[in-house]
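Engineer: Sequence:
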Amino acid sequence: MITTVFFDFDGTLADSAPDLAHAANLQRQYRGMPPMAYELLRCVASQGARGLLRVALGLTPEDEEYEPTRKQFLSDYRACMTQNTALFPGIDDLFGRIEGSGLRWGIVTNKAEALSLPMFDHLQLTDRSVANVCGDTTAFSKPHPAPLLHAATLAGVDPETCIYVGDDERDIIAGKAAGMPTVAAAYGYCNNPDEVQAWHADQIAQAPEDIWDAVEKIKNRRIQGNHETNFV
Numbered sequence: 001m002i003t004t005v006f007f008d009f010d011g012t013l014a015d016s017a018p019d020l021a022h023a024a025n026l027q028r029q030y031r032g033m034p035p036m037a038y039e040l041l042r043c044v045a046s047q048g049a050r051g052l053l054r055v056a057l058g059l060t061p062e063d064e065e066y067e068p069t070r071k072q073f074l075s076d077y078r079a080c081m082t083q084n085t086a087l088f089p090g091i092d093d094l095f096g097r098i099e100g101s102g103l104r105w106g107i108v109t110n111k112a113e114a115l116s117l118p119m120f121d122h123l124q125l126t127d128r129s130v131a132n133v134c135g136d137t138t139a140f141s142k143p144h145p146a147p148l149l150h151a152a153t154l155a156g157v158d159p160e161t162c163i164y165v166g167d168d169e170r171d172i173i174a175g176k177a178a179g180m181p182t183v184a185a186a187y188g189y190c191n192n193p194d195e196v197q198a199w200h201a202d203q204i205a206q207a208p209e210d211i212w213d214a215v216e217k218i219k220n221r222r223i224q225g226n227h228e229t230n231f232v
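All residue numbers in the sequence shown are consecutive under UniProt numbering, ending with 232.
No lab work stands behind these hints: they were computed from the structure. Keep in mind that the hints are not guaranteed to be accurate.
Unchecked claim - The following label-pair restraints were derived from C-beta to C-beta distances:
hint	residue 1	residue 2	range
1	M1	H200	48 to 54 Å
2	D158	S101	14 to 20 Å
3	T153	E99	18 to 24 Å
4	A37	E99	35 to 41 Å
5	Q224	A177	33 to 39 Å
6	Y38	Q206	35 to 41 Å
7	A37	G90	41 to 47 Å
8	R222	A177	26 to 32 Å
9	E67	D213	41 to 47 Å
10	E67	N191	26 to 32 Å
11	A79	E216	38 to 44 Å
12	Q224	H200	41 to 47 Å
13	M33	G179	42 to 48 Å
We put the CB at the ideal spot given by N, CA and C, even for glycine.
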């Protein structure tokens, strides 16, 4: 039986790429560099500071300049993060369908609590969600399963009764490691259909409105599997 649907945040529930890209381009501006095309930054928005600074500036965590730049990026992002970020169209309706069916939903993101929790409040998600797990809530972040297992504990459910929806390969890896069926949000920030297929999620949602059908298919498959087991 499926009881709970957990979601990644950036690129799955919310389109935060415009504000993330703005903060990344500010780092280029400080260095006298022209802004980078939004499309080039959008495709790595789910990778956070690490991905954005790699694309925008060619910096990696091994570079001496990386850590001070990361801190400046996060400060700039915190100042602008609610300017253009919004739920993807169809997500609020999806929440209504989930809640109306008797299921519950929660959020598991790799974004730090200091950035995530104010955003959840801003988008009026905090009180509706049964678990708000961030990148520093546990000792590990995705693709480690610990955040998802912690979310299931907070929700008071077994991980096997949960579904995880995310737009990055590490979301699918984490979901599988936690024993949860997975749904790949192909409408998010990965623009390569072949790459999404290669993640081997249980279902793929091409748009937010497809997620409910994916959840129903997983539920029905679980029911049919139980019936087969009982018959045997």
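Engineer: Using the C-beta atoms of A79 and E216, is the stated range 38 to 44 Å upheld?
Structural biologist: holds, 41 Å
Engineer: Is it true that the C-beta distance of Q224 to H200 lies inside 41 to 47 Å, as the hint says?
Structural biologist: Between Q224 and H200, where Cβ atoms are some 20 Å apart, the hint is violated.
Engineer: So does E67 sit 26 to 32 Å from N191, Cβ to Cβ?
Structural biologist: Holds: the Cβ-Cβ distance is about 29 Å, inside 26 to 32 Å.
Engineer: Can you let me know if the beta-carbon spacing of A37 and E99 is within 35 to 41 Å?
Structural biologist: For A37 and E99 the Cβ distance comes to about 39 Å; the hint holds.
Engineer: Could you check the hint for me, namely that M1 and H200 are 48 to 54 Å apart, CB to CB?
Structural biologist: violated, 24 Å
Engineer: Could you check the hint for me, namely that E67 and D213 are 41 to 47 Å apart, CB to CB?
Structural biologist: Holds: the Cβ-Cβ distance is about 44 Å, inside 41 to 47 Å.
Engineer: Mind checking the hinted window 14 to 20 Å against the Cβ distance between D158 and S101?
Structural biologist: Taking Cβ atoms as reference, D158 and S101 lie about 19 Å apart, which means the hint holds.
Engineer: Is the gap between the beta carbons of T153 and E99 within 18 to 24 Å?
Structural biologist: Taking Cβ atoms as reference, T153 and E99 lie about 21 Å apart, which means the hint holds.
Engineer: Taking 42 to 48 Å as the hint, is the beta-carbon distance of M33 and G179 inside that range?
Structural biologist: holds, 45 Å
Engineer: Please check whether Q224 and A177 have a Cβ separation lying inside 33 to 39 Å.
Structural biologist: violated, 25 Å
Engineer: Range first: 41 to 47 Å. Now tell me if the beta carbons of A37 and G90 are that far apart.
Structural biologist: Since the Cβ atoms of A37 and G90 sit about 27 Å apart, the hinted range of 41 to 47 Å is violated.
Engineer: Take a look at whether the Cβ-Cβ distance between Y38 and Q206 falls inside 35 to 41 Å.
Structural biologist: Cβ of Y38 to Cβ of Q206: about 22 Å, so the range 35 to 41 Å is violated.
Hints 1, 5, 6, 7, 8, 12 from the list above are not met by this structure, while the remaining hints are.
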